[in-house]
Each structure stands twice: as C-alpha cells, then as structure tokens.
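Line by line, the protein sequences give chains A and B.
Using our numbering, you'd call the opening residue of the first sequence number 1 and step up by one each time.
Using our numbering, you'd call the opening residue of the second sequence number 1 and step up by one each time.
Hints were generated in silico from the structure; no laboratory data involved.
C-beta: ideal position from N, C-alpha, C; glycine also.
Don't take every hint at face value.
Short derived list, chain B residues pointing at chain A, Cβ under 8 Å [stated by the list, open to error]:
#: 1; residue: I82
#: 2; residue: R83
#: 3; residue: R85
#: 4; residue: F93
#: 5; residue: V101
#: 6; residue: L114
A few chain B positions that, by computed beta-carbon distances, are all more than 12 Å from chain A [to be verified]:
#: 7; residue: H31
#: 8; residue: T62
#: 9; residue: N69
#: 10; residue: R124
#: 11; residue: H179
#: 12; residue: I209
#: 13; residue: E210
#: 14; residue: V215
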Amino acid sequence: MLTLLAWRNLWRNRSRSFITMASVWCAVVLAVALSSLQKGVFDHLIANVVSFYSGYVQVHHAGYQSEQTLENSFPLTDSVRQAVLSAPGVVHATPRLEAFALVSTGEKTRGCMVAGIEPDGEDRVTHLKSKLVAGAFLHERSTGVLLAEGLAKRLRVGPGDTVVLLGQGYYGSTAAGKYAVEGLLRFGSPALNDQVVFLALATAQHWLDAPDLVTTLVVSPRKPAETESVAAGLRRTLPADFETLSWQEMMPDIREHIQTDTASSAIIKAVLYLLIAFGIFATLLMMLAERQREFGMLVALGMKKIQLARVVLFETIFITITGCLVGIAVSIPLVWWLKEHPIRFSGETAEVYERFGFEAVFPAALSPSIFVNQAVAVFIVGVLLSFYPVIKVLSINPVEAMRS
Amino acid sequence: MKKTVIDIHNVSKVYNPDTIPVHAVNNVHLHFEQGEFTALVGPSGSGKTTLLNIIGGLDAPTQGSVIINGTDITHLSANALIRFRLHHIGFVFQSYNLVPVLTARENVEFIMLLQGVSKAGRERRVRELMAAVGLSDKMDVRPAQLSGGQQQRVAVARALASKPQFILADEPTANLDSHSAANLLDMMAQLNRDEGMTFIFSTHDARVIERAGRVITLVDGSIASDTARVETGV
Ligand SMILES: Nc1ncnc2c1ncn2[C@@H]1O[C@H](COP(=O)(O)OP(=O)(O)OP(=O)(O)O)[C@@H](O)[C@H]1O
Ligand SMILES: [Mg+2]
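Produce the complete structure using the sequences and hints provided.
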C-alpha cells in the first residue's frame with residue numbers, strides 16, 4: 001500500500017509530476033544530443049585526419065619524428081612486426097618506407113613525398129584503395145607508382161605515362177628510377193593531394209637502395225578510443241631504440257582543438273544540469289510545502305518516518321527514472337536523425353576544417369555509452385535531489401507540520 | 001473498579017523557556033478511566049491543544065509524567081513513541097485528517113496496514129467500521145468528494161480501526177455545521193456506549209459540551225473545574 005500511496009501521489013498533481021518528468025527528459029535529450037553531436041564531430045574529424053595518412057599510432061626508429069631521414073629507418077624483421085602485432089589492442093600494422101624526392105616527367109619536375117607501402121596492409125589501415133580515382137591499385141610486386149591527383153595534374157600525367165623519381169638513397173647514394181603511373185589517388189587534404197607518391201615497398205626499397213628497411217609502422221588499434229592505451233602498450237613492449245607516437249602527438253593542433261571544444265561543452269552541460277537541478281528542486285519544494293500537513297498527520301498517527309521517506313523517495317525516483325527513460329527514448333530517434341542529416345558547419349569553422357582537407361559535415365555519433373552516461377548523470381542529479389525531501393521528512397515534527 | 005487508562009501527573013509545558021516563556025499547561029493532574037467521554041473546554045489559548053498533544057505523545061511536557069496503561073510515555077524514544085501512538089492511541093484532528101489520494105476505505109485500512117493486520121482482518125474491520133460510522137456507501141470515495149462531516153466520520157472510523165486505548169480529538173467539530181457536528185457527536189457517544197471506547201475531545205461548542213460525561217475546564221493552562229455527569233451521551 002506504500003507503493004500504492006506513492007503511485008497515487010504521482011497522479012495527484014499530474015501537471016507537476018509531468019513538468020518534473022519533462023524537465024528530466026529534456027535534460028537527458030539535450031545532454032545526449034550535445035554529447036552525440038560532439039562525439040560525432042570529433043570521431044569524424046579524427047577518422048578523417050588519421051585515415052588521410054598518419055593512422056592512429058606510428059612506430060618509428062627512435063629519433064625519426066624529429067629528423068625524418070633514411071638514417072633513422074629500421075630493418076623490418078619478423079620479430080619487430082610480431083612484437084607490434086602482439087601488443088594489446090593492436091589489430092593491424094603496416095610498414096612504410098618514406099622519403100622526400102623529386103618527381104619528373106622530363107619537362108616538369110615537382111617535389112614530392114614518396115611512400116613505399118604494402119598495398120593491402122596500407123588499405124586496411126588508411127583505406128587507400130577507396131581513394132583511387134583512375135587506373136589500378138598497387139599490389140605487392142607492382143613496379144609502378146600511384147600518384148596523388150593534384151600532383152598528376154601539375155605534371156600532366158595519367159595512368160600509362162611514365163615518371164622519374166629522383167631522391168637520396170641510404171647513406172647518400174643517389175636514387176633514381178623510372179616508373180609507370182598505374183593509378184591516381186584523390187586526397188581531401190590539399191597538402192597530400194599535391195605531393196604524395198606511392199610505390200610497393202619492395203620497389204621503394206630497391207629504388208632507395210635500402211633493402212629491408214622501413215621508416216614507419218602504422219598501427220591500427222581495435223577502437224579509436226584505445227589509441228592512447230595501445231601507444232602506451234607499444235612503448236612498454238618495444239625496445240628503447242623505437243619511438244611510438246599517437247595521432248595526438250603527431251598532430252598536436254587537432255588535439256588542442258578537441259580539448260578546447262570538450263571543455264566548453266562540459267561547461268554547457270554543467271549549466272544544463274544545474275538548470276535542471278533547480279527545476280526539479282523547485283517542484284520538490286512545492287511538493288513538500290503542499291503535503292506538510294499530510295506528512296505531519298501520518299507521523300502523528302504512527303507512521304514511521306522511514307516509511308514515509310520511502311514513499312517520498314519512491315515518488316521522486318520514479319519521476320526521475322521515467323524522465324530518464326523517456327529522455328533516452330526521445331533521444332534515440334533524434335540522434336539517429338542528426339546522424340542521417342549531418343550538421344554542416346559554415347563560416348570560419350568550416351574554413352578551419354577545409355584547411356585540414358575535408359568537408360565540415362558532421363553526422364552525430366550514435367553511441368550507446370552516450371545515452372547511458374547522460375541518463376545516469378541526470379539520474380544521479382535526481383537521486384541526490386530527492387534526498388532533500390527525505391531529510392525533511394525524517395526530521396518532521398508532526399505538531400508543527402500540522403499547524404502550518 | 002474501572003481500569004485506569006491515562007494518568008497525568010504534575011504535567012507542565014513551557015514554550016520558549018529561554019526567550020519569552022509561555023506557560024501553556026501548569027501542574028496538571030488528571031486521571032482517565034476506561035469508557036469515559038470527556039470534553040476539554042476552555043477559552044482560546046487556555047492550553048487544550050497543548051494538553052491533548054502531550055497526552056497523545058505528540059509533544060513532550062516540560063515537567064511531569066504521562067502514564068498510559070502503565071507506560072510512562074515521556075520516557076520513550078522518538079521511534080518508540082511513534083510505535084506507541086500507532087498501537088495505543090487513536091487521533092481525530094480538527095482538519096486535514098485524511099490522505100487525499102486514498103479512498104475512505106483505504107484511509108481506514110492504512111492504519112491497520114501500518115500495524116501489520118492481515119488483509120482479511122483489515123477488510124472485515126473496514127466494513128464493520130464504515131457501517132458503524134454510517135458510511136457503508138462511501139467506501140470507495142476519495143476525501144475530496146466527502147462532506148466535512150463525512151470526512152470526520154471516516155477519521156473516527158480510522159481512529160477506531162487501530163483498536164486504541166482511547167481516542168483524542170482536538171476540536172473535531174470546529175469545521176462542521178451544527179447539524180454535522182451533532183451527528184458526529186451522536187456517533188462518538190454511541191461508540192462510547194456500545195464499545196466502551198474512551199474519548200477525550202476539546203471543543204468550544206456548547207451543544208457538544210452537553211453530550212460529555214465529564215467536562216474539564218482549563219483556564220490559563222490550569223484545571224479550573226472537573227465535573228462528571230451521571231448520564232453519559234444522549
Ligand atoms: N509552539 C508554540 N510555541 C509557543 N507558544 C505556543 C506554541 N503552541 C502554543 N503556544 C501557546 O500556548 C498557549 C496554549 O495554546 P493552545 O494551542 O494549547 O491553546 P488552545 O486552548 O488549544 O487554544 P484554541 O482554543 O485557540 O485552540 C497559547 O498561549 C499559545 O499561544
Ligand atoms: Mg487548540
């Protein structure tokens with residue numbers, strides 16, 4: 001009957017119960033939408049930037065990051081590859097041999113960045129195949145090159161044409177080779193689109209006279225969120241003559257951008273929670289004032305305060321839980337809609353993103369953890385607040401309560 | 001010899017002893033036996049409510065003892081006092097007696113539920129009591145749909161439901177028209193006669209005072225007179 005009493009009380013002042021519930025679900029919906037959008041923006045941003053080229057984590061010979069030369073390369077032995085692949089959270093690792101060079105057609109010459117890759121492995125990590133816009137992709141024994149579209153345009157070459165690569169090989173030898181253009185790749189980032197050239201790893205090693213050497217192992221974690229822990233795991237397991245960098249370290253400007261944005265939205269969320277907390281608190285105060293005499297009467301009759309407190313707690317928690325559930329129920333289609341109808345940034349923000357080389361269009365992230373986290377946060381606020389009436393009820397003086 | 005239900009010994013109550021002391025009740029000695037039908041009268045501010053609250057264990061006296069069925073309730077802990085009220089004392093308040101979201105039946109049943117009475121026992125007793133207060137046809141109606149007099153009858157039924165030693169009623173007729181007040185008093189008097197239930201009620205109403213078997217007059221917190229009449233009730 002205590003539950004019945006609580007239940008009936010919920011219906012006693014329907015509009016108040018409804019307003020409280022509505023403010024709870026509004027809070028959940030707003031918090032979820034905000035977090036989902038933000039996570040969507042960041043996931044999209046990171047996935048874009050990382051899949052351009054860098055990958056989430058890179059392993060180099062120690063010192064390569066600050067001085068990117070062949071002298072800082074390392075022999076890719078099976079044991080190194082195994083050590084990387086068996087580190088916790090690692091799913092893929094693909095090697096690259098990177099060097100700066102000149103690419104020439106005879107008439108025109110351009111500076112470029114050459115990367116010798118394992119074509120299939122590279123595709124798994126950076127989805128390189130999806131960037132192919134003309135010709136054919138590389139395979140392991142390819143002796144040709146893939147050119148970025150912008151670079152090809154400047155050189156006025158296409159699939160079937162031949163280019164010459166001129167560079168500095170291992171220990172200063174001159175590296176020169178003639179290669180057929182097998183295909184063209186389109187990159188969102190202008191920087192990449194105007195300067196990258198891909199070869200099969202073996203071909204690149206041969207060209208640079210650097211047998212078995214690579215400069216980089218690009219590592220894919222199981223989940224983007226595990227980037228830091230994967231990097232940390234690699235740092236622990238690999239010998240000291242290797243260095244491991246996460247994308248945050250390779251691209252500190254993007255990390256900073258994300259941190260600033262996260263901080264400002266945390267403030268927005270805090271304000272949101274505070275507003276909702278005041279809203280709920282106000283209705284609790286109203287409820288207490290209205291039922292003061294009833295509470296006093298019940299305690300006077302002989303109802304234990306703890307029983308009464310249970311009734312009141314049940315009511316507020318019921319409202320909070322229902323509000324949270326409705327909030328989740330409403331946010332799922334909303335977030336789904338925001339995912340299907342991505343937000344398109346314009347103006348300055350858009351320019352920033354375009355400078356990074358991709359469209360400023362962001363689908364919301366549909367992530368269960370966001371729903372759960374925000375609902376739990378709002379629920380905790382609700383539960384903490386509902387202790388106020390409980391304390392009031394526990395300290396009630398029936399004579400005074402009835403006189404009021 | 002009749003059984004003593006309440007023994008009040010040298011009870012005083014001083015409000016605000018540190019600032020402006022109000023001597024609401026002064027050195028009161030009283031003795032109530034089972035089956036008494038007592039009116040507590042006196043001018044406004046004479047201490048009727050204070051005294052009833054002390055007898056009912058709702059307020060603690062500044063001095064003195066209140067012994068109910070051999071238990072000195074002034075020495076009980078707060079929780080023990082709540083339990084004592086539940087099992088030994090019936091209350092009818094002046095207003096706002098009933099839980100608005102519960103029906104008449106549920107309001108009466110509620111107190112027995114708190115006492116842990118079985119469902120069958122509760123249902124039987126609710127029906128009996130609602131019949132006794134003449135509201136068998138209003139069992140499933142919420143308080144808001146009952147008249148003030150009917151609400152007070154439900155409150156009396158509820159007070160009886162817990163099988164208390166006695167029922168305290170602070171101005172139970174204050175918010176009723178004279179017809180409803182007379183009806184309520186008739187009903188209380190009948191319960192007093194038929195079931196031997198002890199009632200102590202405070203009132204200003206002369207017609208209510210007429211029905212009492214014993215009239216205690218308080219003036220400035222002291223007992224000015226305490227007269228018993230031969231015939232109780234109507
Ligand atoms: N909580 C309190 N604090 C201070 N003084 C109080 C308090 N309650 C009652 N009093 C005072 O104690 C005295 C007795 O009050 P009480 O309410 O018992 O009188 P009463 O006989 O019931 O009056 P009424 O007929 O108006 O109901 C009054 O002077 C009143 O002002
Ligand atoms: Mg009074």
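Numbered hints the structure breaks, given as an ascending list: Every hint satisfied by this model.
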